[in-house]
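There are 2 protein chains.
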Amino acid sequence: MEALSKAKQKWVRSLQLKKNRDQALLFVVEGEKSVLEGLSAFASHLELLVSIDSFASQIPDQFHSKTFLVTNKELEQISELKTPNKCIAIFRRPDTVLLSDQFTIVLDGIQDPGNLGTILRLADWFGVKQLVCSKDTVDCYNPKVIQSSMGAIYRVIVHYTDLASYLRNSPQQKYGAMLNGKNYKETDYAENAILIMGNEGKGVRPEIEALIDFPVTIPRFGEAESLNVATATAILLAEIIR
Amino acid sequence: MEALSKAKQKWVRSLQLKKNRDQALLFVVEGEKSVLEGLSAFASHLELLVSIDSFASQIPDQFHSKTFLVTNKELEQISELKTPNKCIAIFRRPDTVLLSDQFTIVLDGIQDPGNLGTILRLADWFGVKQLVCSKDTVDCYNPKVIQSSMGAIYRVIVHYTDLASYLRNSPQQKYGAMLNGKNYKETDYAENAILIMGNEGKGVRPEIEALIDFPVTIPRFGEAESLNVATATAILLAEIIR
Chain Z
1 MEALSKAKQK WVRSLQLKKN RDQALLFVVE GEKSVLEGLS AFASHLELLV
51 SIDSFASQIP DQFHSKTFLV TNKELEQISE LKTPNKCIAI FRRPDTVLLS
101 DQFTIVLDGI QDPGNLGTIL RLADWFGVKQ LVCSKDTVDC YNPKVIQSSM
151 GAIYRVIVHY TDLASYLRNS PQQKYGAMLN GKNYKETDYA ENAILIMGNE
201 GKGVRPEIEA LIDFPVTIPR FGEAESLNVA TATAILLAEI IR
Chain X
243 MEALSKAKQK WVRSLQLKKN RDQALLFVVE GEKSVLEGLS AFASHLELLV
293 SIDSFASQIP DQFHSKTFLV TNKELEQISE LKTPNKCIAI FRRPDTVLLS
343 DQFTIVLDGI QDPGNLGTIL RLADWFGVKQ LVCSKDTVDC YNPKVIQSSM
393 GAIYRVIVHY TDLASYLRNS PQQKYGAMLN GKNYKETDYA ENAILIMGNE
443 GKGVRPEIEA LIDFPVTIPR FGEAESLNVA TATAILLAEI IR
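In the order they appear, the protein sequences are chains Z and X.
All residue numbers for the first sequence refer to my numbering, where the first residue is 1 and numbers rise by one.
All residue numbers for the second sequence refer to my numbering, where the first residue is 243 and numbers rise by one.
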């Protein structure tokens with residue numbers, strides 16, 4: 001394994017910017033557990049692996065030609081994290097073929113990276129293969145999203161598109177989490193449906209709301225003003241996916 | 243409304259430390275929305291209110307004698323937040339009477355403030371009035387917990403105690419989230435039961451597990467290694483509380 005050249009260090013650091021990641025069609029994963037999971041689940045998409053000396057022995061042989069060594073200090077300089085872990089992996093993004101015969105979660109303007117990461121992790125638990133997001137939803141390759149997705153980013157495909165036109169053209173049944181819908185437990189769910197979840201504060205936009213076939217609501221028994229969007233998604237998925 | 247004296251500024255800042263909050267039996271709330279909700283839901287427990295000039299007009303008359311004005315710069319110095327909001331409220335903690343005839347969420351070693359805050363918010367949504375936590379669970383008066391609880395801290399009582407002895411002495415039925423339990427949808431739930439949730443990484447401790455009457459599991463349909471503890475709590479509460 002060679003040392004990571006200054007030029008490559010600069011390049012890895014440049015990928016902290018969304019603009020540069022987008023242009024190169026790459027994403028960056030930090031931390032032992034997530035990197036090792038990526039090497040196992042997403043090996044064919046590995047572009048480059050950065051490691052400190054003491055972690056190198058844990059990297060399987062087949063990746064050695066793509067692995068470059070850094071000092072702790074160099075790692076600190078190229079890492080997104082305040083306290084960097086032992087390694088950074090750079091992966092090529094998967095092709096995103098939008099499937100129309102799959103259960104799909106649609107997100108309308110989710111802003112918080114932790115929420116998107118948690119929803120990805122939930123999708124991964126419930127076997128949901130694709131998310132479709134409005135263009136103003138937080139970037140799924142944001143480091144905080146990747147971190148809270150706990151590896152789901154390797155298995156769940158995320159599309160960004162014009163939601164209204166996507167929904168208008170989709171033949172699938174459309175369920176949406178609303179405040180004034182039918183009790184979600186008293187609703188029948190079609191197979192391979194679409195579940196639409198709205199922004200943390202504002203909910204689903206009116207033009208998207210107009211495209212929902214079945215608005216559903218989680219009844220409230222206490223006094224909280226609202227549920228967090230990731231926990232609401234959890235409750236609805238647990239009811240729909242059996 | 244008077245200006246906040248230097249001595250009082252120092253005192254408010256001292257409450258950033260858990261040790262000092264615990265000793266004084268107080269907690270600190272920051273941000274317009276949470277503070278105003280506290281003034282409405284928790285008025286009798288208000289100890290002191292700090293406000294910048296431009297926010298003072300939004301404070302109801304009855305609280306003026308407890309309100310002290312600060313400059314933006316002073317607020318920055320006494321705030322816990324990097325970008326402080328317009329006001330800080332200090333409340334006395336509620337009395338915590340442990341009830342044995344109430345549905346209760348038990349937390350065994352939850353570490354992440356965001357998770358505890360989200361579970362509080364969930365409890366508040368589902369009308370759960372009390373949480374019982376192991377002594378090593380994150381402090382419910384941690385500023386990040388309060389922030390993510392979205393006002394639930396005013397309505398849900400949190401107890402810290404020796405869990406094993408609490409559970410041993412409780413006559414309530416005990417359900418616990420485990421990896422090898424019965425499908426949670428095929429389980430009957432007694433009224434006013436106890437639901438036990440474990441630590442983010444390690445789950446429920448063996449000595450607590452031994453006290454669970456009914457281990458329950460959320461079936462997995464995909465490949466994620468685990469569910470986040472707050473989303474798992476959401477799914478179980480939605481099934482149990484009807």
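These aren't lab readings, by the way, just hints derived from the structure by calculation.
The structure displayed is predicted, hence computed values, not measured ones.
Wrong hints could be hidden among the right ones.
[As the list claims (entries may be wrong)] Derived CB-CB ranges, DEER-like: (1) Z:A56 - X:E318: 43 to 49 Å; (2) X:Q344 - Z:K19: 22 to 28 Å; (3) Z:D162 - X:Q319: 42 to 48 Å; (4) X:Q319 - Z:A164: 43 to 49 Å; (5) X:E274 - Z:K19: 57 to 63 Å; (6) Z:D162 - X:S307: 51 to 57 Å; (7) Z:R220 - X:A406: 30 to 36 Å; (8) Z:L17 - X:R462: 52 to 58 Å; (9) Z:K182 - X:K261: 45 to 51 Å; (10) X:E274 - Z:E2: 51 to 57 Å; (11) Z:A164 - X:R484: 42 to 48 Å; (12) Z:L17 - X:Q415: 26 to 32 Å.
For each residue, glycine too, the CB sits at the ideal point set by N, CA and C.
Verification of the supplied hints:
no. : hint                        : result
1   : Z:A56 - X:E318: 43 to 49 Å  : holds, 45 Å
2   : X:Q344 - Z:K19: 22 to 28 Å  : violated, 53 Å
3   : Z:D162 - X:Q319: 42 to 48 Å : holds, 47 Å
4   : X:Q319 - Z:A164: 43 to 49 Å : holds, 47 Å
5   : X:E274 - Z:K19: 57 to 63 Å  : violated, 34 Å
6   : Z:D162 - X:S307: 51 to 57 Å : holds, 55 Å
7   : Z:R220 - X:A406: 30 to 36 Å : holds, 33 Å
8   : Z:L17 - X:R462: 52 to 58 Å  : violated, 36 Å
9   : Z:K182 - X:K261: 45 to 51 Å : holds, 50 Å
10  : X:E274 - Z:E2: 51 to 57 Å   : holds, 54 Å
11  : Z:A164 - X:R484: 42 to 48 Å : violated, 35 Å
12  : Z:L17 - X:Q415: 26 to 32 Å  : violated, 54 Å
Of the numbered hints stated above, those contradicted by the structure are hints 2, 5, 8, 11, 12, listed in ascending order.
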